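*Asks:* Residue numbers (the working numbering), protein chains in the order written: chain G, 30 to 308; chain V, 603 to 888; chain A, 3 to 360.
I should point out that these hints are in silico values taken from the structure, not numbers from a laboratory.
It is possible that part of the hints are untrue.
[To be verified] Derived pair list, reagent style DMTMM-like, types lysine to aspartate or glutamate, alpha-carbon separation capped at 20 Å: (1) G:K304 x A:E101; (2) A:K95 x G:D128; (3) V:K870 x G:E302.
[What the hints assert, rightly or not] If you anchor each label on the Cβ, the simulated ranges turn out as follows: (4) V:I877 x G:E77: 31 to 39 Å; (5) V:G740 x G:V79: 24 to 32 Å; (6) V:G740 x G:E77: 55 to 63 Å; (7) V:K794 x A:G15: 18 to 26 Å; (8) V:P679 x G:P222: 28 to 36 Å.
[Said to hold, decoys possible] To be clear about the criterion: a stretch of chain G counts as covered by chain V if any three or more of its residues have a C-beta under 8 Å from a C-beta of chain V, and this derived list gives those stretches: (9) 52 to 63; (10) 75 to 89; (11) 95 to 108; (12) 156 to 162; (13) 185 to 193; (14) 223 to 233.
Owing to the predicted nature of the structure, the values given are computational and were not obtained by experimental measurement.
Don't be surprised by glycine CBs; every beta carbon is placed ideally from N, CA and C.
Take a look at the letters that make up each chain.
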Amino acid sequence: MSAKKVTQMRRLPGFGLTLGFTLFYVTLMIVIPIAALLFKASSISMQELVETFKTPRVQASLRLTFGASLLAATINTFFGFIVAWTLVRYRFVGRRLMDSLIDLPFAMPTAVSGIALMAIYAPTGIVGKQFLAWGIKTAISPLGVLIALIFIGFPFAVRTMQPAIEELELEAEQASASLGASRFQTFLRVTLPSLIPAALTGFTLALARALGEYGSVIFIAGNLPMRTEIASLLIVSRLDENDVVGACAIAVVMLAATFVLLLTIQGIQWRIERKTGRN
Amino acid sequence: MSRNSGLSQASRDPKWVQWILIGITVGFVTLLLILPLGVIFWEAFRKGLKTFTIALSDRNARSAIGLTLLATAICVPLNMVFGLAAAWATTKYSFPGKSLLISIIDLPFAISPVIAGLMLILLYGIHGWFGGVLQGFGLQVIFAVPGVVLATIFVTVPFVARELIPVMQEQGSEQEWAAISLGASAWQTFTKVTLPNIFFPLLYGVLLCTARAMGEFGAVSVVSSNIRGLTNTIPLQIDALYNDYNAPAAFALASILASLSILTLLAKSWLESRIEHRSKESEEIQ
Amino acid sequence: MSVEVQHVNKTFGSYKAIEDVSLKVHSGELVALLGPSGSGKTTLLRMIAGLEVPDRPVQSGEGKILFFDQDVATWSVSERQVGFVFQHYALFKHMSVFENIAFGLRVRPRSQRLPKAQIDQRVRELLQLIQLEGFGNRYPLQLSGGQRQRVALARALAIEPKVLLLDEPFGALDAKVRQKLREWLRRLHEQVHTTTILVTHDQEEALEVADRVVVMNHAKIEQIGTPEEVFHNPASEFVIDFLGSVNVFSGRHVEPLSETKTAETKTAGAKTDEAKIYVRPHELQITRESLGFSSISAQIQRIQRAGASAKVFVHTSKEQNVRVDIPIQQFQLLELEVHQQVFITPLHSHVFSPEYTI
Numbered sequence: 030m031s032a033k034k035v036t037q038m039r040r041l042p043g044f045g046l047t048l049g050f051t052l053f054y055v056t057l058m059i060v061i062p063i064a065a066l067l068f069k070a071s072s073i074s075m076q077e078l079v080e081t082f083k084t085p086r087v088q089a090s091l092r093l094t095f096g097a098s099l100l101a102a103t104i105n106t107f108f109g110f111i112v113a114w115t116l117v118r119y120r121f122v123g124r125r126l127m128d129s130l131i132d133l134p135f136a137m138p139t140a141v142s143g144i145a146l147m148a149i150y151a152p153t154g155i156v157g158k159q160f161l162a163w164g165i166k167t168a169i170s171p172l173g174v175l176i177a178l179i180f181i182g183f184p185f186a187v188r189t190m191q192p193a194i195e196e197l198e199l200e201a202e203q204a205s206a207s208l209g210a211s212r213f214q215t216f217l218r219v220t221l222p223s224l225i226p227a228a229l230t231g232f233t234l235a236l237a238r239a240l241g242e243y244g245s246v247i248f249i250a251g252n253l254p255m256r257t258e259i260a261s262l263l264i265v266s267r268l269d270e271n272d273v274v275g276a277c278a279i280a281v282v283m284l285a286a287t288f289v290l291l292l293t294i295q296g297i298q299w300r301i302e303r304k305t306g307r308n
Numbered sequence: 603m604s605r606n607s608g609l610s611q612a613s614r615d616p617k618w619v620q621w622i623l624i625g626i627t628v629g630f631v632t633l634l635l636i637l638p639l640g641v642i643f644w645e646a647f648r649k650g651l652k653t654f655t656i657a658l659s660d661r662n663a664r665s666a667i668g669l670t671l672l673a674t675a676i677c678v679p680l681n682m683v684f685g686l687a688a689a690w691a692t693t694k695y696s697f698p699g700k701s702l703l704i705s706i707i708d709l710p711f712a713i714s715p716v717i718a719g720l721m722l723i724l725l726y727g728i729h730g731w732f733g734g735v736l737q738g739f740g741l742q743v744i745f746a747v748p749g750v751v752l753a754t755i756f757v758t759v760p761f762v763a764r765e766l767i768p769v770m771q772e773q774g775s776e777q778e779w780a781a782i783s784l785g786a787s788a789w790q791t792f793t794k795v796t797l798p799n800i801f802f803p804l805l806y807g808v809l810l811c812t813a814r815a816m817g818e819f820g821a822v823s824v825v826s827s828n829i830r831g832l833t834n835t836i837p838l839q840i841d842a843l844y845n846d847y848n849a850p851a852a853f854a855l856a857s858i859l860a861s862l863s864i865l866t867l868l869a870k871s872w873l874e875s876r877i878e879h880r881s882k883e884s885e886e887i888q
Numbered sequence: 003m004s005v006e007v008q009h010v011n012k013t014f015g016s017y018k019a020i021e022d023v024s025l026k027v028h029s030g031e032l033v034a035l036l037g038p039s040g041s042g043k044t045t046l047l048r049m050i051a052g053l054e055v056p057d058r059p060v061q062s063g064e065g066k067i068l069f070f071d072q073d074v075a076t077w078s079v080s081e082r083q084v085g086f087v088f089q090h091y092a093l094f095k096h097m098s099v100f101e102n103i104a105f106g107l108r109v110r111p112r113s114q115r116l117p118k119a120q121i122d123q124r125v126r127e128l129l130q131l132i133q134l135e136g137f138g139n140r141y142p143l144q145l146s147g148g149q150r151q152r153v154a155l156a157r158a159l160a161i162e163p164k165v166l167l168l169d170e171p172f173g174a175l176d177a178k179v180r181q182k183l184r185e186w187l188r189r190l191h192e193q194v195h196t197t198t199i200l201v202t203h204d205q206e207e208a209l210e211v212a213d214r215v216v217v218m219n220h221a222k223i224e225q226i227g228t229p230e231e232v233f234h235n236p237a238s239e240f241v242i243d244f245l246g247s248v249n250v251f252s253g254r255h256v257e258p259l260s261e262t263k264t265a266e267t268k269t270a271g272a273k274t275d276e277a278k279i280y281v282r283p284h285e286l287q288i289t290r291e292s293l294g295f296s297s298i299s300a301q302i303q304r305i306q307r308a309g310a311s312a313k314v315f316v317h318t319s320k321e322q323n324v325r326v327d328i329p330i331q332q333f334q335l336l337e338l339e340v341h342q343q344v345f346i347t348p349l350h351s352h353v354f355s356p357e358y359t360i
């Protein structure tokens with residue numbers, strides 16, 4: 030009798046126990062908290078929501094958060110591709126060290142990253158000093174926010190593209206060369222298009238991480254209202270002012286915008302994959 | 603055969619391209635990753651070992667370390683058991699709503715830690731759904747230790763499950779069926795067949811969970827009262843010291859967490875080489 | 003265009019993949035490189051394509067790859083104008099069938115590129131040639147394995163290659179599809195007449211499709227010849243063993259066998275005790291009575307009647323298991339049964355001296 034038939038007849042033991050515990054834990058730890066937020070948000074009138082959204086300070090912070098996150102994710106996708114390609118295709122001294130360091134922003138506590146970045150990019154820091162000489166402020170400026178967001182999103186971009194590059198079909202590149210294409214034509218027309226889904230996934234993950242980031246940004250950002258205040262920080266300051274409703278309004282706007290953005294990218298990806306039948 | 607020779611002619615980039623890309627990689631990684639790591643230790647030890655030891659022997663620093671360890675000690679085992687149960691339930695059976703469940707497990711990854719903290723305030727704050735009732739029993743959650751623990755759990759829920767689900771999906775359940783058909787009990791099947799097969803991914807998930815639990819900042823800072831020596835974790839203490847312009851002490855504490863993350867990276871590389879080694883061995887046998 | 007390989011070597015680390023191989027393929031010929039996996043046939047093909055580089059020649063005049071008497075050893079794959087077809091198709095998944103076939107024409111330098119209308123025309127012709135008209139807008143993963151391989155072939159033919167190189171092109175397909183594509187490939191070759199080199203480990207495929215067969219083993223060429231030559235006059239034990247099933251008789255039978263007149267024995271200076279005698283199943287005769295010295299008495303163990311010939315498995319008085327193939331009509335006349343005592347007599351046999359095999 031095949032294993033398939035057996036499973037149809039009977040289940041492996043532990044179904045009730047594991048599923049029961051999973052549902053209980055997920056409900057308690059994830060679902061109820063989210064429900065609380067949504068419930069609270071639903072008690073906010075549309076007008077209040079619009080009012081919140083209309084305040085210049087909120088608008089400025091949302092613009093900064095989404096703008097810097099999108100830019101950081103784009104930069105990360107570009108450099109992440111170069112780094113992933115180099116790590117997979119080339120052999121050089123220090124490759125293994127570079128490879129294991131990629132995950133550092135993921136493993137390092139955000140507050141630690143935050144003060145480290147501040148120490149480097151502050152006007153007195155080793156890099157910040159240089160840039161200041163050229164008239165560029167790297168800390169307590171939108172550029173500082175961008176730097177922090179590039180830092181924390183970087184591993185997501187590299188780690189999603191790395192396996193995709195490893196699994197590239199080398200024969201397709203050989204076929205392209207045998208058909209007369211130059212190395213650059215092969216790269217542009219054959220290799221790069223097959224990496225687009227992975228690049229999109231990397232972009233999405235880096236973006237999602239950047240949108241919600243808090244710890245590594247607040248030190249280097251300096252948190253000047255209207256200029257370097259990110260949405261997460263605005264939520265915290267609303268809470269400090271005991272304005273729970275205001276905090277919820279910003280949170281809901283953030284969450285909704287994030288999900289719309291992620292779903293859009295997911296949709297694009299789904300269309301590409303359906304066409305070329307990946308997976 | 604092309605495996606022996608590395609890349610074939612057609613997939614090899616010109617030397618100058620290789621040099622430029624390697625240059626960019628080394629430059630980017632050095633500037634973005636190595637520099638911050640170096641700065642932490644430089645700042646921590648710049649004023650000598652003495653400042654470092656004084657910073658660490660501070661009463662508030664000690665209590666922050668204690669609270670971080672406590673929160674981690676509660677959070678990691680819970681999430682590990684959850685991860686095992688969730689991976690078992692979602693990979694060994696099919697039931698309606700399974701993919702929805704997996705998506706929900708992933709949600710904490712997509713939610714900003716600050717918003718997570720906000721959710722907990724809505725639930726357990728004085729005016730929250732449960733907050734009032736619990737307060738009646740004399741249990742304060744928000745601005746107290748339980749809040750810190752809950753926030754830590756929320757942000758780390760997916761870590762173990764995320765590592766296990768793809769691995770167990772790939773392994774299927776034939777081995778478990780074989781064990782049961784040979785007369786093994788459910789518990790024996792789990793400990794003797796399933797667990798050895800997922801040992802490395804499980805360890806890896808636990809490792810990531812631990813690193814994140816010790817380092818969580820956003821969610822914890824929202825639900826903690828930031829009272830030193832009481833509800834401050836290490837990251838919160840770092841924040842407080844830094845804002846007091848006591849950078850050397852902040853970096854001393856930070857260097858401990860940074861060392862932990864370096865250890866995590868080392869352990870990760872080791873685990874990955876183990877997993878690779880295993881899969882290579884099995885490939886050779888096949 | 004003719005392709006010639008002269009004294010070529012290739013090592014991967016310490017592994018010798020090709021050892022001093024020379025080969026000439028004439029213009030318009032279809033040659034099969036036949037051998038087991040690891041025999042070096044794919045490496046040889048990839049070197050002809052320019053996907054692998056031969057080891058540097060030790061002496062001058064060695065290690066050459068000539069296309070029409072021109073040394074191309076230093077040319078890259080994109081300069082050689084070869085059409086290469088991979089075992090696993092290597093189609094570009096993100097391009098439609100049409101775009102795949104047009105690829106080689108579209109990547110040409112602007113000065114050599116055909117106008118768009120001509121490219122479209124050429125692709126349509128090729129789609130017709132591979133009998134996939136109307137499939138131009140599909141994507142590779144929406145095609146069956148056989149269709150994919152035909153697209154890969156059309157893609158290679160689009161650039162009007164000087165040589166067509168096929169690396170186990172039907173290896174990943176079902177037996178039925180493989181048979182069909184084999185016949186189609188032979189017809190196609192008669193139409194386009196491009197010099198073609200085909201790598202295969204399937205002896206039937208090589209014998210059926212190729213003008214000449216190159217049998218390879220352990221990085222060397224064992225024999226080059228027409229399908230008849232390699233099948234009926236195998237040059238070595240390896241060749242006879244690799245091309246179809248064969249019964250091996252031990253050396254003790256050398257004396258009586260070579261004295262008989264019925265057995266036309268090819269002795270390569272053998273007649274020693276170590277020599278082995280190879281007889282193909284269809285080269286044995288079964289009779290009720292002995293036909294002379296070369297007949298061996300045997301008992302029928304098993305009979306398998308399905309197919310154009312019956313396979314009779316016998317156990318000889320010399321304690322050997324032997325297979326005899328008899329055309330099914332003849333088998334019916336003989337009225338053979340299991341456990342029956344019979345005599346088997348070789349009509350034709352092959353003997354290789356022990357020095358010959360290493």
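*Asks:* Please go over all the hints and tell whether each is borne out by the structure.
*Replies:* Comparing the hints with the structure gives:
no.	hint	in the structure
1	G:K304 x A:E101	holds, 14 Å
2	A:K95 x G:D128	violated, 29 Å
3	V:K870 x G:E302	violated, 31 Å
4	V:I877 x G:E77: 31 to 39 Å	violated, 52 Å
5	V:G740 x G:V79: 24 to 32 Å	violated, 42 Å
6	V:G740 x G:E77: 55 to 63 Å	violated, 35 Å
7	V:K794 x A:G15: 18 to 26 Å	violated, 41 Å
8	V:P679 x G:P222: 28 to 36 Å	violated, 46 Å
9	52 to 63	holds (count 9)
10	75 to 89	violated (count 0)
11	95 to 108	violated (count 1)
12	156 to 162	violated (count 1)
13	185 to 193	violated (count 0)
14	223 to 233	violated (count 0)
Of the numbered hints stated above, those contradicted by the structure are hints 2, 3, 4, 5, 6, 7, 8, 10, 11, 12, 13 and 14, listed in ascending order.
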